[in-house]
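Chemist: Protein chains in written order, with my numbering: chain Z, 1 to 768; chain X, 769 to 1536.
Among the clues, some could well be false.
EDC-like, lysine to aspartate or glutamate: derived pairs with alpha carbons at most 16 Å apart [as the list claims (entries may be wrong)]: (1) 477(Z) with 1326(X); (2) 72(Z) with 1258(X); (3) 1245(X) with 558(Z); (4) 555(Z) with 566(Z); (5) 835(X) with 185(Z).
These are computed hints drawn from the structure, not numbers from a lab.
2 protein chains.
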Amino acid sequence: MNQDYIKPDNWSIIEEGFDIERVKSSESLFSIGNGAMGQRANFEENYSGETFQGSYIAGIYYPDKTKVGWWKNGYPKYFAKVLNAPNWIGIEIEVNGEAFDLHTCTKIADYRRELNMKEGWYNRSFVATLQNGTEVAVNIRRFLSLDLDEVGVINYEITPLNQDATIVYKPYIDAGVTNEDANWDEKFWEPLDVNQQENQAFVTAQTFKTHFKVTTFMQNSILENDNNLNLSPLATAKTSDKVQFTYEVAVAKGQKSSIQKLGGYTVSLNHENTQEAAEKVIQKALAIGYNQLLQNQIDAWAKIWEMSDITIDGDVKAQQGIRFNIFQLNQTYLGKDSRLNIGPKGFTGEKYGGSTYWDTEAYCIPFYMATKDQEVARNLLTYRYNQLDKAIENAEQNLGFKNGAALYPMVTMNGEECHNEWEITHEEIHRNGAIAFAIYNYYRFTGDYSYIPEKGLEVLIGIARFWHQRASFSTQKNQYMILGVTGPNEYENNINNNFYTNYIAKWCIDFANEQIQKVAIEFPKDHKRIIEKVKLSDAELQEWKKVASNMYFPKSEELGIYLQQDGFLDKELVRVKDLDKSQRPINQKWSWDRVLRSPYIKQADVLQGFYFFEDHFSIDELKRNFEFYESFTVHESSLSPCVHSIQAAKLDKMDMAYEFYLRTSRLDLDDYNKEVEEGCHITSMAGTWMSIVEGFGGMRVKNNRLHFTPKIPKEWKGYSFKINFRNQIVKVAVTASGSTFSVDGNEDLTINVNGKDTVVSPENALSI
Amino acid sequence: MNQDYIKPDNWSIIEEGFDIERVKSSESLFSIGNGAMGQRANFEENYSGETFQGSYIAGIYYPDKTKVGWWKNGYPKYFAKVLNAPNWIGIEIEVNGEAFDLHTCTKIADYRRELNMKEGWYNRSFVATLQNGTEVAVNIRRFLSLDLDEVGVINYEITPLNQDATIVYKPYIDAGVTNEDANWDEKFWEPLDVNQQENQAFVTAQTFKTHFKVTTFMQNSILENDNNLNLSPLATAKTSDKVQFTYEVAVAKGQKSSIQKLGGYTVSLNHENTQEAAEKVIQKALAIGYNQLLQNQIDAWAKIWEMSDITIDGDVKAQQGIRFNIFQLNQTYLGKDSRLNIGPKGFTGEKYGGSTYWDTEAYCIPFYMATKDQEVARNLLTYRYNQLDKAIENAEQNLGFKNGAALYPMVTMNGEECHNEWEITHEEIHRNGAIAFAIYNYYRFTGDYSYIPEKGLEVLIGIARFWHQRASFSTQKNQYMILGVTGPNEYENNINNNFYTNYIAKWCIDFANEQIQKVAIEFPKDHKRIIEKVKLSDAELQEWKKVASNMYFPKSEELGIYLQQDGFLDKELVRVKDLDKSQRPINQKWSWDRVLRSPYIKQADVLQGFYFFEDHFSIDELKRNFEFYESFTVHESSLSPCVHSIQAAKLDKMDMAYEFYLRTSRLDLDDYNKEVEEGCHITSMAGTWMSIVEGFGGMRVKNNRLHFTPKIPKEWKGYSFKINFRNQIVKVAVTASGSTFSVDGNEDLTINVNGKDTVVSPENALSI
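In isolation and in its complexed conformation, chain Z is listed as follows (with noise of 0.2 Å):
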């Protein structure tokens, strides 16, 4: 069973009622962030029970040394891990003489937690008994503020119900903070300063090894019913890593007490002295008071849905869903920084190392084109711009290439390698084509095509040249071929000629090729920096297009469709509805060598060549491809279901689509893979957006205009959601009965509806 114990809510995600086995799920559905840094909703005070902490800064990691059983060539001696950053939150509390603690309290009545998505805060209430007797209720809202996004703020509220109460507040930070998933149970931190003047306290520590440094920082204010105290410390207690206030008050019966705590982190990679830093955004907070900073959230929070809601109407879980993933994303990754990127668990935990797979370039950025302002694609194309370098490295010095072939890590922080099994790390090459098509798509899109010479022509001459290396030659065949790879499908290892694989392969070289004759043309001047600065010769294209032009595709002439890789056929081809359910899901079921061999695909790959390339293909070719393949698939992948849930709303069959949806919507709501508590899966998010807008909506950019071929499922009254095209906002509504289409701003605009164009003006919206 999966579980089920959120709310539904148009707008919160709602917990209620306090259930130990819960803690740890919660604290990662309840994490909140805002693009700069995160936490998982750990409490404040002290819990004894089971728990995992977790605060994160974008951008600060850890290069872990690498743990193998057997070493590999080629294998990178550190990775990057997600780095769990110095606490800010803790607030130890006593009350009456006892120590405060959910997990040591006799009674805990009307618990409930909320997170707001619509205005970005978080808050957590109960009335609780504690040994002592003394009953409190307690109300606490956080949140970390999108306007000045290195302060978080707790507003931390205690009533004593039953009899006059002293209470005891020691808030803290503490820079002795471990990793779970450390490699070899190292500390990662290394403390260097500790200092407190009045209510505010800064400790100052920086990463072992990448020495980035960070002020962790608190400024405490004590209230009684909202009125400032204007309290100091009455005691301070320091380590070399941690800082702690002591305050006491004694609160009448009835009486609202409170503390304030304002905190969280300046860092080395944005200011030169962190601590200075730290200071002043205490003061600018401090002057924008508690009440504004949270009204200027909501202001903020409400920009960003303007621009990237969607609502569905009679369906409130599935729009508790989708607003969750639009939420989370938004939560980790706002684009206004080219140095960070999308982490598959954001900052809801610190599983896997590095934050950036080819998630990033095959599911995320769609959506940030489509909600944001084109500039945030354009810093996620350049992450990896800047990252070409180690890309070149990493193909000469761990595979051999020369001259300039890239190979983009499949995990990575800093541009290198953070993963280290052979089959991924060095065979699952197919990502490098997923980073060329995001700079296609992106000009497809945006229309912007200067990134192209600026930056992204480059990248894909590193990627060509890769893709051109890596292809070797069959005497018996008389063709290229790609040998020993993984792709999508990483339910199989080492094969060879996988059809997505070469097809992105030969794609890239040809599509590498145009843009350099494009560039030549219409910007001889870059043309002449790049041709110069990488040593491209008119023989080494020639070379390139042999092999493009070339290229072998397995493929099965009976059955009509593609072939996943070599000898796909000689499997024993039992579909996925005739396997025992008590075998699934397999990779929990099954040895490796078994899921290896069987026929089982983990998520789209000849179907995922299919979604990137769909002109390429008939419509036809994709019913028997999607047919064969969907029957083998068992999605166990949260980037599986997206993709088919696309093709499926394509080939009219949409009960399909809708499950699909469905499974891709609330993952982490129902935590269908009952894993939730180390965290959510951030970048399969994207691909929920994507199923609507691109699924049920058909939304498309074909010859610099948009298509929609709408859809809906028959278990909604109605969806709407808005594309950023180009400057112009364009919402789409649609029901069973038709669908609206709707312009801002003040020019017209053509869209291709149902393979008809038809101009959409700001004065009239389009009922079809």
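Position chain X relative to chain Z; hints supplied.
Modeler: Chain X only, in chain Z's frame:
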């Protein structure tokens, strides 16, 4: 450059001159063992330079917690590591108040190590000048008794040369040892008891988890000019895991002082009360006395050589090489105990978890069959029989097989898997075939059928069941296939239809079937017992036959060869001779993906099949396959050259055969792979023996008759070897001008030489 410091000598391994760079290599090369225990040639006295300490007890292991990068279902959680055992050889020495340490002496002259293989002892001698100016001549002899195989003996002699000397001897035993390749830096030994009486001391410790109890003991005597001074220790120091005595003697210039230290292990595998056993064995050894113990050692080794020696005339390095190999094999395993096996590093290092690979069946059994009584090979077979239940459990629990199918582990100590790479653990399943083949080979060689009805048949059934279930049906090819394997050539992973695997799988099923029929007729009681025990039905047998009779074998009609696996000819087929030398060894120069997609072969794969089943193929087929595959073989496994040497000799490519022989016979002495400091390659040493006997000598057993086709490399004047064929000792001596065959005992023996049957009688050697 390979090392080349070992002095050529027919019977001894000799090092001259002290070089700190060679200490660890020599510790491996001068290792001693007696089948029950063994140790690296570590110094007795303290040494502050770099050293790799190792002492090992047969059958004593520790299940270390598995270390992996990414966990896969079916990996063993723990696996047995070769365990560094308590140290009993240590003797700290002080000369005139200075701790004696070769690393701090001001001068070392006449340094010489000798491993006398003929007599089975190790000697180290030198003249050293201490920092205090005292010059001493030192001579140490050490051996591990073959007769009393729990006892080792050290005779440590010191003669002050330039002044009188006060010499302090501090012999100790120490259970506070660790393993260099422990996965988690844990301690493996728990000390239980330390005590001493007079000149004897005992440290009893047990291994964590496995709870093997071991008493490590010592008994010390101090002598002057070979007269026992009957000294008692001046002092005794004890900790929880160590005990050390202090003796002090005043030695006049030119007089010889010595300490004789007996030491060793008594283990709970063999004794209820290990300390009592230790006391008894000390008593026994003292009663025999040092001189007689040494004489017994010489006699025991003479017996071993009497049966297993190979002489080579005209090539002292080749002679030294083959004797070193035969000596090490006998140091490692003597076949007395079916709980033991032949570890790949023997008692010379701790690398590789587990002690048993398919090396035992494929490479070692022929050596032991031909040079020992048949009981020895039978013990090796019994070892696998005793682990059949674990092999069934392995197939069932880790791989999901049913019904008594058995998959033997890739590496094991106690029957459980000790390896954790999916491509090996889960996919290198051909090992099962060699285990069945060894049963056949034993019967073929010894004529002793009794093993099959007694024990072997159950193993054969378990293995046949495995292959039956592991094969899958390809509707496309209408044949059975074996998908997703790693063959003997580990430079390919997760391939489909490895010819060798498919071939031996079919053979295993056929052979099991034949033996079931034969046992049914000849041993009906055993047949009934076994069939009832394993619940084997005729219906199941019919299913087996379907698979065996319709197995798919990949081949190229055009080239007239079997394909190593599906798709082999799609590779870029650049031969090894055309590969730039700078790229070798490819396993050190290339990333793993590049190795995998290359055509390069680590060790015989198709050709291993041609070796096992040579009579199934014509000489033309062998020639075509050999010439094709050998040209892609890089021989980067120590097990590679021997099979190629045998086949080259068969194909009259004597120069190649000789070249391959050279690579294997001095692999460790000349340290070809620059890793001898980690220990010697014990199992491949049996391959060297095979190269001479089966390769140059052409020895085969067919239809219960020995066959020979003697050839000789042009570099040699002559060579000779002996074969224990069914209790008749056949001696074969070959020179360029002819061969001589003689037989011991009273009975004539018909042998086949160069295709002709001939009678050899004990009175008349046969010269051809």
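Chemist: Of the numbered hints stated earlier in the document, which are not met by this structure?
Modeler: none
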